[in-house]
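Enquirer: Given the structure of chain A, go ahead and fit chain B onto it with the hints provided.
Number of protein chains: 2
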Amino acid sequence: MLRPSARALRYFGASGSCAAIALCTAYVTSSAAQSSKESQPAGGGAGSSNASPIYGVTIPAGYRDWKVISVGRLRTDKINQLRVQLGNDIAIKAFKEGQLPFPDGATIAALHWTYVPSEENDKVLAGAFPGAQSFVPGSAVNVQFMVKDSKKFASTGGWGFPDFKAGKPGDKALHETCYPCHEPAKARDFVFAHYAPTP
Amino acid sequence: MLRPSARALRYFGASGSCAAIALCTAYVTSSAAQSSKESQPAGGGAGSSNASPIYGVTIPAGYRDWKVISVGRLRTDKINQLRVQLGNDIAIKAFKEGQLPFPDGATIAALHWTYVPSEENDKVLAGAFPGAQSFVPGSAVNVQFMVKDSKKFASTGGWGFPDFKAGKPGDKALHETCYPCHEPAKARDFVFAHYAPTP
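Protein chains in written order, with this note's numbering: chain A, 37 to 235; chain B, 37 to 235.
Next comes chain A alone, as it looks inside the complex:
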């Protein structure tokens, strides 16, 4: 089984990009380097400098407004992040119905921010909640996607795993590392996120 390389680990450590609950991929074949219609906003496409290596996927339009799957925090010796996983309508429907595998067209977005204390909140909380600590998103780190296309991405579990930072895709080495992280979740169609319960 492929494992994340030392280079990838350094890359992740510096950029805070990939982790198991996030989205990565292994470079297995370049035959998948076609763009998915679903993931093509206007102006982007395979061959575009804004398309990810290996998968040729550009940033799906409107993902910031997708629905919430779950939230989380990831901390390693190098990164400390607040995270949210969003889904397009196809993905959300599958989560709600417990549908596995996810149908083609399902797309999951993982948005990552630095994890920072909110002095503004803490100041307000101090009176009523001594010792309260509030943490909020700092700066944007990156956004990663899982794009389901069981034929196009057959060699990587049926998923494409593009990764973007400041609107630009990560390099090939980065994209080679993600799928192996997701392999342990094969029984859940390679998706780590669970749908958070509704309060």
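Heads up, some of the hints might be wrong.
Intra- or inter-copy, both count: the list cannot distinguish identical chains.
To be verified - The calculated DSSO-like cross-link candidates involving lysine-lysine, where the alpha carbons are at most 27 Å apart (straight line), are:
id, residue 1, residue 2
1, Lys114, Lys201
2, Lys132, Lys204
3, Lys187, Lys222
4, Lys132, Lys201
5, Lys132, Lys222
6, Lys103, Lys204
7, Lys103, Lys132
8, Lys129, Lys103
9, Lys159, Lys208
10, Lys208, Lys187
11, Lys204, Lys187
12, Lys222, Lys208
13, Lys208, Lys132
14, Lys129, Lys187
15, Lys222, Lys159
16, Lys159, Lys132
17, Lys103, Lys201
18, Lys129, Lys114
19, Lys103, Lys114
20, Lys132, Lys187
Rather than coming from a laboratory, the hints here were simulated on the basis of the structure.
Expert: Below, chain B without anything else, positioned relative to chain A:
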């Protein structure tokens, strides 16, 4: 200025309900105990056992699928939560455009879960990211709303602040405590959450 009472503090400590980044209210007048059309799902309404004290607001239908404003973690000596703030379309538009005050009809939902380590994620991460710690939502704690109606809720900054746990509203004492927490954010129309940057 009204301050959270000792009773409220105990309540919050036990239930993890209210905090400054969440949504609380002070009982100032019961004249606001009318239900907002926007916040009325079928079957609910003022006078219903599912309507909040003071404001008479029931849980807005479909809030779990609203769009993301931001995420966060709150820790005190009694609670430890992962949180997400969602907005209906009116609220999201106002956040994106920086509109203050928020227009009538804007509604914000704050969903709170217990903050728990994910052994499942950590096990996967251990190989590539020694010492990695992943935290995810555990059980649902509560959901709180800010419902903007500048006339109906004029005595509490133009906002109603209903709070629900397992589908049932908190008691009157709880609802009396929230608005004072939000007063320090008067310059931002009593809203603490900032719109998280788009990665």
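Enquirer: Work down the list of hints and note, for each, if the structure agrees.
Expert: How the hints compare with the structure:
| no. | hint | in the structure |
| --- | --- | --- |
| 1 | Lys114 / Lys201 | within (17 Å within a copy, 37 Å between copies) |
| 2 | Lys132 / Lys204 | between (31 Å within a copy, 22 Å between copies) |
| 3 | Lys187 / Lys222 | within (17 Å within a copy, 54 Å between copies) |
| 4 | Lys132 / Lys201 | between (29 Å within a copy, 21 Å between copies) |
| 5 | Lys132 / Lys222 | within (19 Å within a copy, 38 Å between copies) |
| 6 | Lys103 / Lys204 | both (23 Å within a copy, 24 Å between copies) |
| 7 | Lys103 / Lys132 | both (12 Å within a copy, 17 Å between copies) |
| 8 | Lys129 / Lys103 | both (10 Å within a copy, 16 Å between copies) |
| 9 | Lys159 / Lys208 | between (44 Å within a copy, 26 Å between copies) |
| 10 | Lys208 / Lys187 | within (21 Å within a copy, 56 Å between copies) |
| 11 | Lys204 / Lys187 | within (26 Å within a copy, 46 Å between copies) |
| 12 | Lys222 / Lys208 | within (23 Å within a copy, 48 Å between copies) |
| 13 | Lys208 / Lys132 | neither (34 Å within a copy, 34 Å between copies) |
| 14 | Lys129 / Lys187 | within (21 Å within a copy, 38 Å between copies) |
| 15 | Lys222 / Lys159 | between (45 Å within a copy, 15 Å between copies) |
| 16 | Lys159 / Lys132 | between (38 Å within a copy, 26 Å between copies) |
| 17 | Lys103 / Lys201 | both (21 Å within a copy, 21 Å between copies) |
| 18 | Lys129 / Lys114 | neither (35 Å within a copy, 35 Å between copies) |
| 19 | Lys103 / Lys114 | neither (29 Å within a copy, 30 Å between copies) |
| 20 | Lys132 / Lys187 | within (24 Å within a copy, 38 Å between copies) |
Hint violations for this structure: numbers 13, 18, 19, all remaining hints satisfied.
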